[in-house]
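Protein chains in written order, with the working numbering: chain A, 1 to 166; chain B, 1 to 166; chain C, 1 to 166; chain D, 1 to 166; chain E, 1 to 166; chain F, 1 to 166.
Just so you know, the hints here were simulated from the structure itself, not pulled from any lab data.
Hints are not guaranteed to be accurate.
The list treats identical chains as one, so a pair stands whether inside a single copy or across any two.
[As the list claims (entries may be wrong)] In silico SDA-like cross-links for lysine to any residue, where the CA-CA straight-line distance does not exceed 20 Å:
#, residue 1, residue 2
1, K64, D29
2, K2, S37
3, K109, A59
4, K109, E88
5, K139, I77
6, K64, L25
Protein chains: 6
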Amino acid sequence: MKTGLLLGRFQPFHNGHLFALRLILNENDRAVVVIGSAQASHDAENPFSAGERYEMIRASLTEKELAHTAIIPIEDINRYPLWVAHVESRCPTFDLVYSRNCLTAALFKQAGYEVVEHDYHQRSQCSGTELRAMMSAGKAWERNVPKGVAAFVKSIGGVERVKQIG
Amino acid sequence: MKTGLLLGRFQPFHNGHLFALRLILNENDRAVVVIGSAQASHDAENPFSAGERYEMIRASLTEKELAHTAIIPIEDINRYPLWVAHVESRCPTFDLVYSRNCLTAALFKQAGYEVVEHDYHQRSQCSGTELRAMMSAGKAWERNVPKGVAAFVKSIGGVERVKQIG
Amino acid sequence: MKTGLLLGRFQPFHNGHLFALRLILNENDRAVVVIGSAQASHDAENPFSAGERYEMIRASLTEKELAHTAIIPIEDINRYPLWVAHVESRCPTFDLVYSRNCLTAALFKQAGYEVVEHDYHQRSQCSGTELRAMMSAGKAWERNVPKGVAAFVKSIGGVERVKQIG
Amino acid sequence: MKTGLLLGRFQPFHNGHLFALRLILNENDRAVVVIGSAQASHDAENPFSAGERYEMIRASLTEKELAHTAIIPIEDINRYPLWVAHVESRCPTFDLVYSRNCLTAALFKQAGYEVVEHDYHQRSQCSGTELRAMMSAGKAWERNVPKGVAAFVKSIGGVERVKQIG
Amino acid sequence: MKTGLLLGRFQPFHNGHLFALRLILNENDRAVVVIGSAQASHDAENPFSAGERYEMIRASLTEKELAHTAIIPIEDINRYPLWVAHVESRCPTFDLVYSRNCLTAALFKQAGYEVVEHDYHQRSQCSGTELRAMMSAGKAWERNVPKGVAAFVKSIGGVERVKQIG
Amino acid sequence: MKTGLLLGRFQPFHNGHLFALRLILNENDRAVVVIGSAQASHDAENPFSAGERYEMIRASLTEKELAHTAIIPIEDINRYPLWVAHVESRCPTFDLVYSRNCLTAALFKQAGYEVVEHDYHQRSQCSGTELRAMMSAGKAWERNVPKGVAAFVKSIGGVERVKQIG
Chain A
1 MKTGLLLGRF QPFHNGHLFA LRLILNENDR AVVVIGSAQA SHDAENPFSA
51 GERYEMIRAS LTEKELAHTA IIPIEDINRY PLWVAHVESR CPTFDLVYSR
101 NCLTAALFKQ AGYEVVEHDY HQRSQCSGTE LRAMMSAGKA WERNVPKGVA
151 AFVKSIGGVE RVKQIG
Chain B
1 MKTGLLLGRF QPFHNGHLFA LRLILNENDR AVVVIGSAQA SHDAENPFSA
51 GERYEMIRAS LTEKELAHTA IIPIEDINRY PLWVAHVESR CPTFDLVYSR
101 NCLTAALFKQ AGYEVVEHDY HQRSQCSGTE LRAMMSAGKA WERNVPKGVA
151 AFVKSIGGVE RVKQIG
Chain C
1 MKTGLLLGRF QPFHNGHLFA LRLILNENDR AVVVIGSAQA SHDAENPFSA
51 GERYEMIRAS LTEKELAHTA IIPIEDINRY PLWVAHVESR CPTFDLVYSR
101 NCLTAALFKQ AGYEVVEHDY HQRSQCSGTE LRAMMSAGKA WERNVPKGVA
151 AFVKSIGGVE RVKQIG
Chain D
1 MKTGLLLGRF QPFHNGHLFA LRLILNENDR AVVVIGSAQA SHDAENPFSA
51 GERYEMIRAS LTEKELAHTA IIPIEDINRY PLWVAHVESR CPTFDLVYSR
101 NCLTAALFKQ AGYEVVEHDY HQRSQCSGTE LRAMMSAGKA WERNVPKGVA
151 AFVKSIGGVE RVKQIG
Chain E
1 MKTGLLLGRF QPFHNGHLFA LRLILNENDR AVVVIGSAQA SHDAENPFSA
51 GERYEMIRAS LTEKELAHTA IIPIEDINRY PLWVAHVESR CPTFDLVYSR
101 NCLTAALFKQ AGYEVVEHDY HQRSQCSGTE LRAMMSAGKA WERNVPKGVA
151 AFVKSIGGVE RVKQIG
Chain F
1 MKTGLLLGRF QPFHNGHLFA LRLILNENDR AVVVIGSAQA SHDAENPFSA
51 GERYEMIRAS LTEKELAHTA IIPIEDINRY PLWVAHVESR CPTFDLVYSR
101 NCLTAALFKQ AGYEVVEHDY HQRSQCSGTE LRAMMSAGKA WERNVPKGVA
151 AFVKSIGGVE RVKQIG
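Please work from the sequences and hints to get the whole structure.
What follows is the structure, encoded as structure tokens:
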């Protein structure tokens, strides 16, 4: 069984993330999605709690995709040389790491993992930073996220929270 | 949608836990399973890492059950008055709490949750403490855990680890 | 008995804070004053230790006011969803929260508290940030703080410390 | 102005503590009472939160005594060589330390403080450990604590909590 | 260049430790000595601070031995799966690990290190636990430690501290 | 015996640091070098781990200098009033502190130490910040560090790391 790992903060989970996750599910038997900075919420960079981000991911997947995806919230450890061991201790075993972050890629490569540097942001033309800015500015952000995410964010008053904190 | 919460350390995940989880899935639309003490592993009370316990739970469920179950590893916070808020911030929203621990039950009741004090240990006649003792003593522990758990524990040399640490 | 809560860092305690505290004592039977970021001191934003800020508040109140005021230093917890539970576990019970901070107000409202958004800064025309800048620049800051605070700050070489750190 | 420091966990605040505090107020201009292990509550050694212990102390003092007493909750730092500096940074300045704990006495002496080894437990014939045991066993504990403490403990269901946790 | 790692708490550094360290220096180009639980001191298991233990080791070595030995105090991380990465990030590179602790040995082996299970305690017939008990009981402990350690412990009143804490 | 203390982050250890350390060894019987922010690495301000910085210092000293120098990695404690006690508890006893940092100097003076405000940066015309910028920009940084440091940084791919993180 081959497992691919996707790391992100998912503030919020958007179409680019979903694109990457589906790529992983196509190329592997299962996916592990790490919700990073699980301890953070209600600040400008991290408006949503780990529980809320978990809901966003679940709301974006089919039942079959869900059954092949492990979603794992992980707190920051803030000590880079321990990051790979920290992720390993919290997750099901994985084989491949999908990342566009240089440092993450370097740390996992150094620990012996194959790292796939995917390009989903280019394809989806969206990022968490931009989406939070669009929410703050009252622009139309909804088409950049899965429908379930848009509905969930609205149900918890997420746009108001982003405006208030930003 | 109604969601039931199950809290445990799952050292290891055994038939009693599976019984309780299936009870929750029968009585609710979905289940949230909190893997407590996620930071702990490789000690006598907590031989298995959060990632390993995650694998045990996944190996025990059908694909359909998995799609309706959120498994959330959570680190101890060691401050009881903050425990409910800590769990809430990490999990999808839940309605009912299934627990046999007095303090947990009291804290969630005080926060306004309905608490179901289930009796799975009596029915299954097993507990994590006993199972670790059986592993240490070389007794037959396998029939008290789901088949997938027994296979997984063996695949990682779990019994040897328990003997070494204990 | 009705209790009002005032939250602040009090770097330093100034006339605006005293104005708010007396408002609370007028409208309630007693006041709880939380000295936030109790762990911080000797940095540009937080020149004074929790103990020093405690002395400033005591030096500003009459004996009768002191007897009706609980002053509680609290360390940051840096996890917003736990902030209200953290404050509750450290303080005497309170009913009303006086705050001008949007996030604080939102978190306490969400937890069911009545929040009073007072306007003491406008009335007193001073803020901690401005006062620290005035100290650094050698300007006359003393008239913006209670007399006891001015005397205490001088007695510990506070202005020199602010200049040195700033 | 001379200030005496009293350190304790006050689980619960009892007649021996009150005796010591009044001794300090007689021999000094004011008292600083440190509520130690402020982070702990809801466990067998520490059933009451820092906020609850604060209420117990306030309920035991007259208005005049309150005006001359600073009550400061302090979290454990678990590094003995830093303990004195930790206490100093959180408290108003103090001159004398009242303690019956050998290590505490040694650490404060080494830091240059005069330490008074008072004997209030002998006089009052009670201790926190005994009082919690009496609560658990359903014995009459009330006469060993100030009246305000007995009333407060009952108002929060404290005896039930001690029984449940113990 | 070949480097051997010695891990211990060194409460206190005794003849068995010195024997092991000299063995490492004979078999390698240099030694790395990790002072574990660096944060601990002044408790029954850990009477001496990291700085004091550093002095003990220095006082036991010749100038030439010192020049080939790196002494590194390391705080506990309390998460076993991160322990090897934690040690690696704080120490000069090392090749061999000398240990008699089963878990330590297992963790370093799993990370790919060669582990030497030396038997110095048998040879030296002493252990930290026994030495602290001998100090407490007023027995002759001095001949089980290097001369420099005995002199240093006396110079800081170490025996009195062990008696007081124990 | 007189001991001088040198505090720094040594990102990287450069000629100015070596100049200061040799000054200390000339004026004292031995030196204690504290590697500050020991927990940090792989970020823009702190590219090198504590273990790597330890190697840099060792690679810069003669065998005789090494025998008279204690190198102690210390984690940040982020509470200034505890900083001196934290350093004291981790280090061999010291008499003099060499520092150019105003706050450090003030804290150690307040604790009763003599502080020497040396001027090595002026003499050596280099600083860690500048050196990291030179590495990032591909400029010649090597002549500003001891030869052993230049060789070590190259052997671990340090320049590439600085470029990648910066």
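Output the numbers, in ascending order, of every earlier hint that fails for this structure. As far as the earlier hints go, 2, 3, 5 are violated by this structure, in ascending order.
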